[in-house]
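Asker: Using the sequences plus the hints, can you model the full thing?
Taken in order, these protein sequences are the chains called A and B.
Numbering-wise (the working numbering), the first sequence opens with residue 6 and increments by one.
Numbering-wise (the working numbering), the second sequence opens with residue 1365 and increments by one.
There could be a bad hint or two in this list.
As the list claims (entries may be wrong) - Below, simulated BS3-like cross-link-like pairs (lysine-lysine); rule was C-alpha separation at most 25 Å, straight line:
id	chain 1	residue 1	chain 2	residue 2
1	B	1517	A	315
2	B	1457	B	1553
3	B	1517	A	210
4	A	316	B	1553
5	B	1553	A	317
Since the hints were derived computationally from the structure, they do not count as laboratory data.
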Amino acid sequence: MKYFIPLQILMLLTITLKSFGQFYDDPASHDCLKCHSQQTYSFHNDMMDTEEKRLMNPYLIIDTLRLRTGVHQNFDCTDCHSFDYTTYPHAASLKLEPMMTCLDCHGGDESFAKYEFDKIDEEVNKSIHRQGFGDNFTCSKCHDQHYYSTTARTSSSIVEIVENSNDMCLSCHNDMKRFSLVSGDLKSAVVDIHDWLPNQELHFKHVRCIECHTAVEDDLMVSHNILAKEDAVRRCAECHSANSLLKASLYKYQNLQERAEDGSALGVLSNENYVIGSHQIPILRTISLIIFFAAMAGIIIHVIFRIIIKKK
Amino acid sequence: MSSENKIYFYPLWLRIWHGINALGIILLIITGISMNSGFEESVISFKLIITVHNYAGVIVSLNYLLFLIGNMVTSNKKFYIVKPKNFLKRPMKQAYYYAWGMFHGMKAPYPLSEKRKFNPLQKYTYLIVMYIIVPLVIISGIGLMFPELIFNKIYNISGVLITAVTHSAMGFFISIFLIIHLYIASIGKSPLDNFRSIVNGWHHV
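Answerer: Okay, here's the thing in structure tokens:
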């Protein structure tokens, strides 16, 4: 009896730890991950009574490290996938069963209201992805539920947020196999299409694709209405005028670019780039107007006195 | 050189410099205001406005060299020498004359002569404009034309922004100077007398 209370505490701790723990702590002994986290898998062929080892479909291999840091880390596979997957060989009919969608859990749920899943769904419905490919274009085409993390909300690094966001686009637009899943014969040519963009690599690292390729909704943190490529923003000044540093870099770039194109000494003179000076600073504009009107007023008063004196 | 109350104040080189400078500065001010205010829709195309500004800027800058060299090699420089005695009192006296004295029968405190081409207020203004403001506008203009010469950042503020603001602020001071310069020039024997002088070189005293 004297061990009762410590025993109780130990049991409580075990239960608590278990409930915060993950199903994926030990992939090697996890029913699904023992195969789906490996490049190869082995099984006993009952028909032939042999042990067999085969290659795992690379698209079905789960990265267990990333799985354990994603937002769904506390879910088990069968929370979303059919429980029948726990038997092997998996029944062929399982592939035809509808998959759980994000909105099955997140839609209309007050506890997820801040993420505005329903509004996102409306926007996705308007997007070129959904318009072109219908319901086949699910959330998971961009947001891998296995690894998804709320980087845009939690990270303080712009580069990390941009990389995370652009990886979603590039996972298809830079992968012919995945791209063909929804595009048919169309070939993705991200680099060639963006050939017009100066410092392409730098832009890809520091600017999210969605910056130019979505219709911005003010009340949505990340716009999901991906536009057709013809409607993408191509105006450098959209970004390079709001911030003076961006604008400065644009000014320098354009200036050097045009000079490189027009090698003549006079090229620099017909360069059409310019940068607004003091007029972009409201206080300086106000001061300059005051000085101007004061000078004009002084002159007008002086003229009036000169006329009066002359008449006398 | 003088005859019948006339002094030959403005030698040919100076009049050529002044003429080119006047036209250039007027073009620069008009095009500069257009560029600063972003009047993209106008009779003249915006691209042409920028090109005119660039050409006029280069011409006025080269012309500035004529002013510098002209003053170096001729005796015109002596008119710019500032006397330390009554350094502030002298221009104040001239300002008082313009604001009050000339309406109350006061004689000009610093009448122009062979030895004195500018009154103290004029001298100070010309010195500030020609040796501080114009060089600043030229240097910042060169910076904007060749932005790779500009520091990327100065205390976290864009170098291009600082250069552009300096350029347009100095341009603004030159505009104000021009307005006052033109007005003061009208205070002569007759309102147009001084304008004739800068064309023919002879100043009536």
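Asker: Give a verdict on every hint.
Answerer: Taking the hints in turn, this is what the structure says about them:
Between residue 1517 of chain B and residue 315 of chain A, the direct Cα distance comes to roughly 56 Å. Violation of the 25 Å bound is thereby established for this hinted pair. With a CA separation close to 21 Å, the supplied pair residue 1457 of chain B and residue 1553 of chain B stays within the 25 Å bound. Pair hint residue 1517 of chain B plus residue 210 of chain A holds up; C-alpha atoms about 22 Å apart against a cutoff of 25 Å. A hinted pair counts as satisfied when its Cα atoms are at most 25 Å apart, and residue 316 of chain A with residue 1553 of chain B qualifies at roughly 16 Å.
A hinted pair counts as satisfied when its Cα atoms are at most 25 Å apart, and residue 1553 of chain B with residue 317 of chain A qualifies at roughly 17 Å.
The structure is inconsistent with hint 1 alone, although it conforms to all the rest.
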